[in-house]
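Start from the sequences and build out the full structure, keeping to the hints where you can.
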Amino acid sequence: MRRLTQGNEAVFRGAVAAGANYYAGYPISPSTEILNVASGWAAQHPEFRFLQAEDEIASANAIIGASLAGAKAFTATSGPGFSLMQEAVGYAQKVGVPCVFVNVQRVGPATGMPTMPGQGDVMQVRYGSTGDYSPIAFYPNGVAEAFRVTVEAFNAAEESRSPVVVLSDTFVGHLNEVVDLDELAEGIRVAPRTIPPLGQHEPGKPRFFAGVLMYEHGPNAGEPATADADEYLRQFYDSKHRHAEVASRYALFEHGWNVDASVLVICYGIVSRVAAPLAADYALFRPIRIHPLLADEIRAIADRYEQIVCIEANDGQYADMVELALRREVKRVPLLGGRVSLEAARDGLARVLSGGPSEPPIPPAALEPVERSPLGIG
Amino acid sequence: MPEQALAELDFKRRLKVDLFPTIWCPGCGIGTIMIQLAMVLDEMGLDETNTIIVTGIGCTGRMGSYLKHESVYTLHGRTLPVAEAIKAVQPEMHVIVVSGDGDMASIGGNHLIHAIRRNAHLTVLCNNNEIYGLTGGQTGPTTPTGTKTLSSPAGNPSTPINLQGLVRNSPHALYAKTTVYHQLHMRNAIREAIEHDGFAFVDITSQCIENNGRRIGFASANEMLTFYRKTYKRAARDAVELAPFEIGVLYPADGQHPATNGSPVEAIAEPSRAPEAEPKAHPVVDDEEKARRRAESQRRLALMQKLDPAVKLQVAKGEITLADALRAAGIDPESVD
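Chain order of the listed sequences is A and B. For the first sequence, numbering that gives the first Met the number 0 gives the first residue as 0, with consecutive numbering after it. For the second sequence, numbering that gives the first Met the number 0 gives the first residue as 0, with consecutive numbering after it.
Treat the hints with caution; some may be incorrect.
[Said to hold, decoys possible] The calculated lysine-lysine pairs, modelled on DSBU-like cross-linking and capped at a C-alpha distance of 35 Å, are:
1) 147(B) to 232(B)
2) 204(A) to 289(B)
3) 311(B) to 147(B)
4) 289(B) to 229(B)
5) 204(A) to 311(B)
6) 311(B) to 232(B)
7) 316(B) to 305(B)
8) 311(B) to 229(B)
9) 316(B) to 15(B)
10) 239(A) to 67(B)
11) 204(A) to 67(B)
12) 305(B) to 147(B)
13) 15(B) to 239(A)
14) 15(B) to 204(A)
15) 305(B) to 289(B)
16) 316(B) to 204(A)
17) 289(B) to 311(B)
Hint data in this document are derived by calculation from the structure and do not stem from the laboratory. Note that the structure is a prediction, hence the values are computed from the model and not measured.
Encoded structure:
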């Protein structure tokens with residue numbers, strides 16, 4: 000049935016379509032609707048387990064436990080909650096736990112601007128936890144895509160045996176579009192579970208899931224390997240190569256708008272929707288798989304363009320990665336403080352393309368009290 | 000020679016004896032807790048197909064690697080959310096959490112109060128040694144006031160956390176207090192905790208001689224155990240609260256309250272324990288039968304103690320029966336005192 004559907008709800012329904020049967024979460028704007036919808040779904044579907052946890056740390060660890068026990072599990076949060084989850088993200092990376100983290104971003108750092116859209120967690124996803132790991136992350140820019148990308152995130156999580164992140168933002172999460180969820184769910188591919196649930200191990204070989212480095216195979220299996228660099232290298236590169244291989248199957252991106260223009264605009268998530276009226280004058284590269292970087296895909300088209308500009312609601316986090324991959328200058332238009340608007344994007348583009356700074360002109364602080372919005376926003 | 004010492008007892012089936020000796024310091028109490036847990040698991044017919052072990056960071060956390068069970072060695076303090084989720088997804092599994100006082104009551108304290116609030120159907124064994132042992136001996140949440148530690152050289156200024164009060168706040172949770180000296184009591188408490196239909200917490204006072212005991216004036220682990228023997232007394236049978244240095248098992252006021260585990264209410268009304276599942280190796284037995292079996296196993300153990308170690312080994316391997324061994328040694332099978 001075609002009906003008005005919210006981005007957050009589409010994420011939830013995509014998860015269910017992908018086979019998710021466990022949700023743990025803690026309320027935080029602007030992701031809370033996912034928690035609300037999950038609780039309602041669980042009330043009607045007893046096979047779907049729901050936990051409103053005491054905090055995000057518990058949520059993240061609960062989905063790890065649920066996944067090890069055999070469920071397809073996920074949680075949803077925003078930047079501050081995702082910060083609290085980082086230790087668990089690292090644990091899931093180390094142990095190889097398939098699960099999905101949804102981060103509906105707002106303006107940070109800290110409590111920041113809770114109701115305003117931001118994209119400041121691109122690097123938190125990449126480097127937020129301790130140690131080295133290679134995460135896979137996606138970022139849709141609309142309601143139907145949120146559904147489809149969430150399905151792919153669950154598939155990639157199973158295949159890579161790792162926590163996969165679905166990034167979203169206040170605007171994508173709260174975007175309402177007319178979609179047909181049943182139609183979207185038709186014919187999707189759902190990956191099977193890749194690790195046997197707890198209790199169903201090889202006879203005589205009960206497993207020990209540990210965050211600490213352990214020998215997994217061979218004569219020392221089951222013993223700590225906490226001082227063996229070679230064993231670390233074996234396990235680290237095994238997961239790194241596996242993640243890279245799986246990610247290559249999900250090289251999702253959009254190369255469009257006026258592809259023959261001389262300037263390539265790179266943007267993703269809600270910014271790509273907000274900037275869409277610029278379509279006539281610019282080419283667009285929109286990564287949907289944010290991590291790992293779509294380096295080959297960007298390199299394949301970059302030479303056609305005289306200039307490359309990244310418009311993003313952070314201070315150039317994706318631009319840094321692109322610049323490093325291309326070894327050439329990437330101009331930045333940061334849309335900060337929740338000002339994700341066509342005007343800000345257009346002004347920023349004009350400024351940086353004429354050789355100006357990425358930092359926008361900032362008016363001096365008002366001497367008189369600023370009139371407060373009755374809603375406390377804007 | 001741990002193999003020989005354990006050889007006569009069936010519970011070693013539950014242990015990865017080939018990984019022994021354990022990583023724990025000589026004189027540590029955790030090994031005793033592990034042996035008692037293994038005995039209970041063996042007695043109850045709980046094995047790797049129906050019981051999951053979840054452990055936290057700290058010395059106690061290593062127990063999971065020595066038990067022949069699927070186990071999850073979680074992040075520091077995060078045993079309870081992991082365990083609660085496992086139980087929610089596989090309600091037919093027994094989920095046993097083994098964790099130290101620091102992991103459970105300090106870094107994991109928030110999870111503890113909320114697992115109690117939600118009446119998560121878990122068995123929690125808390126190795127309460129009143130210290131952070133693995134890091135060398137810093138003040139923990141249960142360190143008594145005035146105790147000198149590496150991080151409180153002038154004596155711990157804080158009041159230790161009241162675990163009994165926390166757990167007993169819930170009308171559904173079982174709280175048991177025991178010590179590593181009182182091994183039979185500990186075994187019974189662990190057993191009753193596993194049998195309890197709801198959140199069950201076993202608070203086990205244990206000795207950390209290396210990183211606490213010596214600093215506070217004990218010469219050996221034996222001295223610490225002797226201290227437990229002399230100071231800890233059993234509480235009255237009908238006690239509703241344990242005084243300091245009392246051991247006992249406190250049942251919740253409301254009897255059999257269903258565990259919710261974050262499941263929807265409908266799922267609780269309908270038994271979610273998968274009734275169609277084939278019976279596990281854990282038959283339902285009444286209390287009298289349990290008491291009889293317990294007495295029988297204790298009698299058997301007492302008789303075994305009278306035998307020569309070499310003969311004990313033969314009995315354990317099933318080469319000769321216990322009755323034959325006793326007859327050969329001229330011991331009257333009824334001579335248990």
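Legend entry - Enumerated hints in conflict with the structure, sorted upward: The structure conflicts with hints 3, 12, although it agrees with all the remaining ones.
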